[in-house]
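Engineer: Here the protein sequences come in this chain order: R and S.
Using my numbering, the first residue of the first sequence is number 1, and each one after it goes up by one.
Using my numbering, the first residue of the second sequence is number 1, and each one after it goes up by one.
Hints may be right or wrong, so weigh each one.
Quick partial rundown of chain S residues pointing at chain R, CB under 7 Å, derived from the structure [claimed, not checked]:
1. S58
2. L80
3. S81
4. V180
Covered stretches of chain S (in silico footprint by chain R; criterion: 3 or more residues with CB under 8 Å from a CB of chain R, positions within the stretch not fixed) [said to hold, decoys possible]:
5. 111 to 118
6. 215 to 229
Straight-line Cα separation of at most 25 Å, PhoX-like style, residue types lysine-lysine; simulated pairs [as the list claims (entries may be wrong)]:
7. K228(R) x K302(R)
8. K256(S) x K227(R)
9. K155(S) x K258(S)
10. K138(R) x K150(R)
11. K228(R) x K308(R)
12. K150(R) x K129(R)
13. K129(R) x K298(R)
14. K228(R) x K155(S)
15. K308(R) x K129(R)
16. K228(R) x K228(S)
17. K227(R) x K258(S)
18. K184(R) x K227(R)
For the record, the hints were derived by calculation from the structure and aren't laboratory data.
Remember, it's a predicted structure, so these values are computed and weren't measured experimentally.
Think of the CB as a built atom: it goes at the ideal place given N, C-alpha and C, for glycine as much as any other residue.
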Amino acid sequence: MSTADLLAKFHKIAADPAAQKARYLAEGRKIVLTAPVYTPEEIIHAMGLVPMGAWGADIPLNESKKYFPAFICSIMQSILELGITGAYEGVSAIVIPSLCDSLKCLGENWKYAVPSVPFIPMTYPQNRKPDFGRAYTKAGYERVIADLEKVSGVQFEQEKLAESIRVYNAHNAVMREFAAVSAKHPIGAGERADVFKSAFFVTKEEHTALVRELIDALRGEEPKAAKKRIMLTGILADAPKLLAIIERNGLQIACDDVAACSRQYRTDVPEDMEPLEGLAAKFAAMDNCSVLYDADKKRVDKIVQDAKAAGAGGVIVVLTKFCDPEEFDCPLIKRACEAAELACIVVEADRQMENYEQAATMIEAFAELV
Amino acid sequence: MYTLGIDIGSTTSKCVILEDGERIAAKSLVAAGTGTKGPMEAFHGVLSKAGLARADISAVTATGYGRATFGEADGELSELSCHGKGVHFAEPDCRTIIDIGGQDAKVIRLSDNGVLSDFVMNDKCAAGTGRFLDVMANILQLGIEELEIYAARAKSPVRISSTCTVFAESEVISQLSQNVNIDDLVAGICDSVAARTAALARRAGIKDKVCMSGGVAQNGGVRLALAKELGAEVFCVADAQYMGALGAAIAGYERKRKESAFAV
């Protein structure tokens, strides 16, 4: 397939998760939703279930407001809205991790708001690196396994988890490679987002094969004319209107630190350990994320280093409204960028936004600074 | 060479014609913004004042929220850059611009050579914007230009605690029902806008000289309250409302100069 055909395919998958859900259900597969972030998909995959990302959608929020206050993350609200309005009917369960206060509220609300889709909590420790932290993480995974066995009737096996870990590590590697290749062979910001977003809606085997094909196709093309290179950071940056503004201003995403994009693919599971221990070791090894406790906030330096290494002249922080963990990091990121002579703007976005006019003004001026 | 800049804001449309990038030949302001006939009225108004026709203008540059839809323009630029250029032209020593417009507030930092170096915008709500003052003046049945006079007479400004404009409106009505001195109430309203703007300005970082542009700059009540909040003198740029349009006219002049340089 040509690059254009492949990008069209990624767009189709990213734009229509309902079609993927219907396809897997028609094939007799059971689907388990994975809410953000760092949900142990490997376990779900190892049990023969299809993990499908639940990161909400750009929709009006009505029903979810019965359960949430107005000033809370719209990603959480839209996940619940989709649950209440039946978008997830037919799936076997949802796994919701506990990595921020809003996610904890989502889990608790889900139990009452969407009783047809069982809620499985994944409780992570704050201190993930010490032995006791790892043991806590492992106990969390065991709870997920027990609940999945209950809802699916499938028995968990360590050997199958070892195989799934290999599948997921291979996917991590291909996504890292794609991020690097797309910086040299630029594609549009929207097209880049489609490649990342589509990973939530198809199995990792399918996605790895498609991304591999895309990487080969991109490498076969002449690099396009140089644009102004920038870095994106935030939890989510998939709003088509926002990405169109970035493209319209001649900006190319050279790298990202977006939780729904590259951030989740940085760390592999060690393959030389007992699989469940290995999964806990991966979580312990993860860093540089607003929802992973780090008193030293090394993430801030990493953003600057990554931006510089990728030749980015500036950083756009796409701040999901009312996301406390990201808001805490914002002043530090801005200060570090300023010290490193990188332009930096904070653009607030949420799942309900229709009008990006002010973001357009900011990005237009930012493009002049880069 | 004449270049024209038009700043199409949320509540007003402003035009400036610049001669050879150095002299303001004419300016016009219409109190109607994007989506109205205001931009065209301001456009024709400035041409008429300058005694020029469209054909005499080498470049028309649009800025402001309506910049993308103004058919007469042959170029557009964000108002952040235009305010930077405009204020640098009018006040070359300025390093921090506080621009409070009809629907948002911006703090713009300029480098020593007048180039935009950083900015922050308040795009959350009407608090700390010109709209907030409009709403409050309306409740008090005062003209927006009268706020300064009332605020100057205040002995003990009332504290307006609500951030939300709608709730602040209720708070002001409640104060009125308690017969609070109107001078103190107006001063409290100015203080409220100043406090929100100062918080925004601190995020960007303050560097002297601090200048205000935009319509609210002409309100001495807010300007003085802001100076008090920031602990720095805040200057009102002459023709504060025209800084965006002036910057757009300068940008058009720079663009034409660049084009002619390439042509040579």
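Engineer: Taking the hints in turn, state whether each one holds.
Structural biologist: Results of checking the hints against the structure:
1. S58: Result: violated, 22 Å to nearest chain R Cβ.
2. L80: With Cβ-Cβ at 4 Å, under 7 Å, it holds.
3. S81: holds, 5 Å
4. V180: Not OK, violated: V180(S) not within 7 Å of chain R, min 30 Å.
5. 111 to 118: n = 3 at 8 Å, threshold three: holds.
6. 215 to 229: violated (count 0)
7. K228(R) x K302(R): holds, 21 Å
8. K256(S) x K227(R): Holds. K256(S) to K227(R) sits at ~23 Å (cutoff 25 Å).
9. K155(S) x K258(S): Roughly 55 Å separates the two Cα atoms, so the pair is violated.
10. K138(R) x K150(R): At roughly 18 Å apart (the allowed maximum being 25 Å), K150(R) and K138(R) satisfy the hint.
11. K228(R) x K308(R): holds, 13 Å
12. K150(R) x K129(R): Violated. K150(R) to K129(R) sits at ~30 Å, over the 25 Å cutoff.
13. K129(R) x K298(R): This hinted pair holds, its Cα atoms lying about 15 Å apart.
14. K228(R) x K155(S): violated, 54 Å
15. K308(R) x K129(R): Given pair K308(R), K129(R) is violated - Cα atoms ~29 Å apart, limit 25 Å.
16. K228(R) x K228(S): Outside the cut-off at roughly 41 Å; violated.
17. K227(R) x K258(S): Holds. K227(R) to K258(S) sits at ~21 Å (cutoff 25 Å).
18. K184(R) x K227(R): Satisfied, since the Cα-Cα distance of roughly 11 Å is no more than 25 Å.
Checked against the numbered hints above, the structure breaks hints 1, 4, 6, 9, 12, 14, 15 and 16 and satisfies the rest.
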